[in-house]
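Chemist: Now for the letters of each chain:
There are 2 protein chains.
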Amino acid sequence: MYVIIVYDTEHDNCVKLHKQLKKYLFWNQNSVFEGTVTVAQYAKIKHILEETRAENSHITFYSIENEKFLCREEQGSAKGNISNIL
Amino acid sequence: MYVIIVYDTEHDNCVKLHKQLKKYLFWNQNSVFEGTVTVAQYAKIKHILEETRAENSHITFYSIENEKFLCREEQGSAKGNISNIL
Chain A
53 MYVIIVYDTE
63 HDNCVKLHKQ
73 LKKYLFWNQN
83 SVFEGTVTVA
93 QYAKIKHILE
103 ETRAENSHIT
113 FYSIENEKFL
123 CREEQGSAKG
133 NISNIL
Chain B
53 MYVIIVYDTE
63 HDNCVKLHKQ
73 LKKYLFWNQN
83 SVFEGTVTVA
93 QYAKIKHILE
103 ETRAENSHIT
113 FYSIENEKFL
123 CREEQGSAKG
133 NISNIL
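Protein sequence lines, in the order shown, are assigned to chains A and B. Heads up: the first sequence begins at 53 in the working numbering, then just goes up one per residue. Heads up: the second sequence begins at 53 in the working numbering, then just goes up one per residue.
Derived by calculation from the structure, the hints in this document are not laboratory data. The model shown is predicted, which means the values in this text are computed figures rather than measured ones. Misleading hints may appear alongside valid ones.
It does not matter which identical chain is used: a pair holds within one copy or between any two.
As a list, the in silico SDA-like pairs of lysine to any residue whose alpha-carbon atoms are at most 25 Å apart [to be verified]:
#1 Lys120 - His63
#2 Lys98 - Arg124
#3 Lys68 - Glu125
#4 Lys96 - Gly128
#5 Lys98 - Leu122
#6 Lys75 - Leu122
#7 Lys120 - Thr90
#8 Lys98 - Tyr76
#9 Lys96 - Ala130
#10 Lys68 - Gly128
#11 Lys96 - Gln127
#12 Lys96 - Glu125
#13 Lys120 - Val91
#14 Lys120 - Asn108
#15 Lys96 - Val67
#16 Lys98 - Ser129
#17 Lys120 - Glu107
#18 Lys74 - Gly128
#19 Lys68 - Gln127
#20 Lys68 - Ser115
#21 Lys120 - Thr88
#22 Lys98 - Gly128
#23 Lys96 - Lys120
#24 Lys96 - Glu126
#25 Lys98 - Gln127
#26 Lys74 - Arg124
#27 Lys74 - Ile97
#28 Lys120 - Met53
Working from the sequences, and respecting the hints, build out all of it.
Modeler: This is the structure we're talking about:
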């Protein structure tokens, strides 16, 4: 499954979430990770983030079972390491 | 079609992009908009953003033809006005 995770939190917590997410997903831009994971990995990521995120944070998880249903386009130059994967 | 737009740009440009995007989509969190649009509206949004965005900015467009293929989950309290739409 393909997942996109976006988060909104205070700076220090941003660093923690970034550290966890880069183990599983590609960093697209500030507070945006994406990539292909298994169902089990996805459950683990959500559990880790629930444990790691700050109280006033907000995280949105988008998942698409089959990547063929997702169209991805970009404008401008990517900071992240993502542009070659989809 | 359902679209998710995330952008990474300098502050002043962020304000401009936000102003344009809120005409068509829901604001989820900082630099993240989403919602249902027509193909024509989506083309218009991409054109407007190409004209409006700063040179060193980066925008990623995710689109899914049918919302039923997208699963959306949240952790924490949303700042935006999105939680009731999917």
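Chemist: Next, verify each hint and record whether it holds.
Modeler: Checked hints:
no., hint, result
1, Lys120 - His63, "neither (34 Å within a copy, 34 Å between copies)"
2, Lys98 - Arg124, "both (23 Å within a copy, 12 Å between copies)"
3, Lys68 - Glu125, "between (28 Å within a copy, 20 Å between copies)"
4, Lys96 - Gly128, "between (32 Å within a copy, 17 Å between copies)"
5, Lys98 - Leu122, "both (21 Å within a copy, 17 Å between copies)"
6, Lys75 - Leu122, "both (23 Å within a copy, 24 Å between copies)"
7, Lys120 - Thr90, "both (16 Å within a copy, 20 Å between copies)"
8, Lys98 - Tyr76, "within (11 Å within a copy, 30 Å between copies)"
9, Lys96 - Ala130, "between (27 Å within a copy, 22 Å between copies)"
10, Lys68 - Gly128, "between (27 Å within a copy, 16 Å between copies)"
11, Lys96 - Gln127, "between (32 Å within a copy, 14 Å between copies)"
12, Lys96 - Glu125, "between (28 Å within a copy, 14 Å between copies)"
13, Lys120 - Val91, "both (17 Å within a copy, 18 Å between copies)"
14, Lys120 - Asn108, "neither (35 Å within a copy, 30 Å between copies)"
15, Lys96 - Val67, "within (19 Å within a copy, 35 Å between copies)"
16, Lys98 - Ser129, "between (29 Å within a copy, 15 Å between copies)"
17, Lys120 - Glu107, "neither (35 Å within a copy, 30 Å between copies)"
18, Lys74 - Gly128, "both (22 Å within a copy, 21 Å between copies)"
19, Lys68 - Gln127, "between (28 Å within a copy, 16 Å between copies)"
20, Lys68 - Ser115, "within (22 Å within a copy, 29 Å between copies)"
21, Lys120 - Thr88, "both (12 Å within a copy, 19 Å between copies)"
22, Lys98 - Gly128, "between (30 Å within a copy, 12 Å between copies)"
23, Lys96 - Lys120, "both (24 Å within a copy, 24 Å between copies)"
24, Lys96 - Glu126, "between (29 Å within a copy, 15 Å between copies)"
25, Lys98 - Gln127, "between (29 Å within a copy, 9 Å between copies)"
26, Lys74 - Arg124, "both (20 Å within a copy, 21 Å between copies)"
27, Lys74 - Ile97, "within (11 Å within a copy, 30 Å between copies)"
28, Lys120 - Met53, "both (10 Å within a copy, 14 Å between copies)"
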